[in-house]
Amino acid sequence: MNGNGILFHAKHAFMPNLLGYCGPDERGRIQQELEGGKPGESLVRTLEKFEAAYPFLKLIARGAGREVFDYAVPEAYWIGNGLLAEVPASEFYTFSHRELKGRDPRKVREVFKELDGAAPPHHSFYVMSTFATSSVPDGPNITNEAHRKIAELVDNCRISWGTVKKVGKQELQVESRPLKAEDGRLALATPAIRQVKYNPGVRPFASVKRGDVVSLHWNYACDVLTPRQSTNIAKYTAADLGLINRFLASKHSRK
Amino acid sequence: MCVTRAGKAVSVSKGRARVEFFDGRAMDDVDVSIVNAKKGEFVEVFGNMALSVLTASEARARKKVWGEVQRAAAIQTVGAPRG
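Going down the list, the sequences are from chains U and X. The first sequence lines up with residues 1 to 255 when you count with the numbering used here. The second sequence lines up with residues 1 to 83 when you count with the numbering used here.
What the hints contain is simulated information worked out from the structure, not anything from laboratory work. Cβ atoms here follow ideal geometry from the backbone N, Cα and C, with glycine treated the same way. Check before you lean on any hint, since a few could be wrong.
Distance condition first, Cα-Cα at most 27 Å in a straight line; then the derived DSS-like pairs of lysine-lysine [stated by the list, open to error]: (1) Lys251(U) x Lys235(U); (2) Lys209(U) x Lys165(U); (3) Lys180(U) x Lys14(X); (4) Lys38(X) x Lys107(U); (5) Lys58(U) x Lys64(X); (6) Lys63(X) x Lys49(U); (7) Lys39(X) x Lys14(X); (8) Lys113(U) x Lys180(U); (9) Lys149(U) x Lys64(X); (10) Lys14(X) x Lys149(U); (11) Lys209(U) x Lys235(U); (12) Lys38(U) x Lys49(U); (13) Lys58(U) x Lys235(U); (14) Lys180(U) x Lys197(U); (15) Lys113(U) x Lys63(X); (16) Lys166(U) x Lys209(U); (17) Lys113(U) x Lys58(U); (18) Lys107(U) x Lys8(X); (19) Lys149(U) x Lys39(X); (20) Lys149(U) x Lys209(U); (21) Lys8(X) x Lys38(X); (22) Lys107(U) x Lys64(X); (23) Lys107(U) x Lys63(X); (24) Lys39(X) x Lys107(U); (25) Lys63(X) x Lys58(U); (26) Lys209(U) x Lys169(U); (27) Lys149(U) x Lys38(X); (28) Lys113(U) x Lys14(X); (29) Lys49(U) x Lys8(X); (30) Lys149(U) x Lys197(U); (31) Lys165(U) x Lys235(U); (32) Lys64(X) x Lys49(U).
To list a few chain U residues with every Cβ distance to chain X over 10 Å, as calculated [what the hints assert, rightly or not]: (33) Val68; (34) Lys165; (35) Lys251.
All chains, please: the whole structure from these sequences, using the hints.
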């Protein structure tokens, strides 16, 4: 059993589960196992019940010839790494139709057709594509307030990252670049300071310090990133934004 | 990670709704203000926000997909039926 991969995955899946947006109602178990630092089979069983995240890990693992909780697999999904390129586009397309719960098959086809095989099985891409294929981006009377709400939703749901500026007991002050929705496009705004929650009982947060880069999900600091991971999350997020904006531009031009 | 879920807005007040999803779950306090959903309409929800209002035929199709996915998941869990 790959403990590090399981913990890395659980850290990033924890907050949307706590909020009731994905996975089984077993939030207490996830937190307990994260704090214990030694994941057991029960945590694996819990993580297998996530309707979207776990199927994505299986897809990446199949494509890359790895075990599902090999550290590089959840890292590819949440942060981004070279394993994403090892998943054939045709497999991702089939997976999106047959294994991914909740997606409208017509919208999946729309994205894959426009992006011609470039869609990656990366979490942030999934989040942004959900926004891009919804009826909201081309609503006739969308207000600035609606733009703000949508950007906040997508920003919270993607994995973002921030540099720690100040460490509190339960909160970190971080500098990060929020997402903005403007003129039918998504982009990263200028850096801003924000407060996020963290759990000092989850390793390595007992020793988190100013200057560390942390991954963020729903205003929660999930993990402290290595320099390689910090570079990768920026790189893969930029690629996701490029693809989504290409899709949105095409969608608008067809109208 | 958030799952996109489709369901029915069973009550709406001041842009917030209780939505009963096709997968049997329900969520209170869904923000339906952006799509201006009304009571009884079908919506697609991501996180805690409705991003689309579905037509009745779209909703039926989504419900059917959910049923198929649930059946496939059950077969994976307990094994394919014999005969």
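Hints versus structure:
Under the criterion of a C-alpha separation no larger than 27 Å, the hint pairing Lys251(U) with Lys235(U) is consistent with the structure, at around 25 Å. Proximity of Lys209(U) to Lys165(U) is assessed by CA-CA distance (about 8 Å); at most 27 Å being required, the pair is judged to hold. Straight-line distance between C-alpha atoms of Lys180(U) and Lys14(X) comes to about 25 Å, which keeps the hinted pair within the 27 Å bound. Distance hint between Lys38(X) and Lys107(U) is fulfilled; the C-alpha atoms sit about 23 Å from each other, no more than 27 Å.
Using a Cα cut-off of 27 Å, the hinted pair Lys58(U) and Lys64(X) holds, with the two alpha carbons roughly 24 Å apart. With a C-alpha separation of about 20 Å, the suggested pair Lys63(X) and Lys49(U) falls inside the 27 Å cut-off, and the hint holds. The hinted pair formed by Lys39(X) and Lys14(X) meets the criterion: a straight-line CA distance of about 11 Å does not exceed 27 Å. Under the criterion of a C-alpha separation no larger than 27 Å, the hint pairing Lys113(U) with Lys180(U) is consistent with the structure, at around 26 Å.
Between Lys149(U) and Lys64(X) the CA atoms are separated by roughly 30 Å; this puts the pair beyond 27 Å, and the hint is violated. Taken as a hint, the Lys14(X) and Lys149(U) pair is honoured in the structure, with Cα atoms around 16 Å apart against an allowance of 27 Å. In summary, the hint linking Lys209(U) to Lys235(U) is supported, as the alpha carbons are separated by about 24 Å, within the 27 Å threshold. Of the supplied pair hints, the one linking Lys38(U) and Lys49(U) holds, its CA atoms being roughly 20 Å apart against a limit of 27 Å.
This hinted pair checks out: Lys58(U) and Lys235(U) have alpha carbons roughly 23 Å apart, not beyond 27 Å. Of the supplied pair hints, the one linking Lys180(U) and Lys197(U) holds, its CA atoms being roughly 22 Å apart against a limit of 27 Å. Under the criterion of a C-alpha separation no larger than 27 Å, the hint pairing Lys113(U) with Lys63(X) is consistent with the structure, at around 24 Å. Between Lys166(U) and Lys209(U) the CA atoms are separated by roughly 8 Å; this keeps the pair inside 27 Å, and the hint holds.
For the hint linking Lys113(U) to Lys58(U), the alpha-carbon distance of about 23 Å falls within 27 Å, and the restraint holds. Pair hint Lys107(U) plus Lys8(X) holds up; C-alpha atoms about 20 Å apart against a cutoff of 27 Å. With a C-alpha separation of about 21 Å, the suggested pairing of Lys149(U) with Lys39(X) holds against the 27 Å cut-off. At most 27 Å may separate the alpha-carbon atoms for a hinted pair to count; Lys149(U) and Lys209(U) exceed this at roughly 31 Å.
Among the hinted pairs, Lys8(X) with Lys38(X) is consistent with the structure: their alpha-carbon atoms are about 10 Å apart, no more than 27 Å. The suggested pairing of Lys107(U) with Lys64(X) holds, with an alpha-carbon distance near 16 Å, which does not exceed 27 Å. Straight-line distance between C-alpha atoms of Lys107(U) and Lys63(X) comes to about 16 Å, which keeps the hinted pair within the 27 Å bound. About 25 Å separates the Cα atoms of Lys39(X) and Lys107(U), which keeps this hinted pair within 27 Å; it holds.
For the given pair, Lys63(X) sits about 25 Å from Lys58(U) by alpha-carbon distance, which is consistent with the 27 Å threshold. Using a Cα cut-off of 27 Å, the hinted pair Lys209(U) and Lys169(U) holds, with the two alpha carbons roughly 12 Å apart. A distance of roughly 19 Å separates the Cα atoms of Lys149(U) and Lys38(X); the hinted pair therefore holds under the 27 Å criterion. Simply put, Lys113(U) and Lys14(X) have alpha-carbon atoms about 38 Å apart, too far for the 27 Å limit, and the pair is violated.
The hinted pair formed by Lys49(U) and Lys8(X) meets the criterion: a straight-line CA distance of about 24 Å does not exceed 27 Å. Restraint check for Lys149(U) and Lys197(U): satisfied, since their Cα atoms lie roughly 20 Å apart, inside the 27 Å limit. For the hint pairing Lys165(U) with Lys235(U), the CA-to-CA distance comes to about 22 Å; that is within 27 Å, so the pair holds. Between Lys64(X) and Lys49(U) the CA atoms are separated by roughly 21 Å; this keeps the pair inside 27 Å, and the hint holds.
The beta carbon of Val68(U) sits about 14 Å from the closest Cβ of chain X, which is more than 10 Å, so the claim that it is off the interface holds. The claim that Lys165(U) lies off the interface holds: its Cβ sits roughly 27 Å from the closest Cβ of chain X, which is beyond the 10 Å cut-off. No beta-carbon of chain X is positioned within 10 Å of the beta-carbon of Lys251(U); the least distance is around 14 Å.
The structure fails hints 9, 20 and 28 (numbered hints given earlier, in ascending order).
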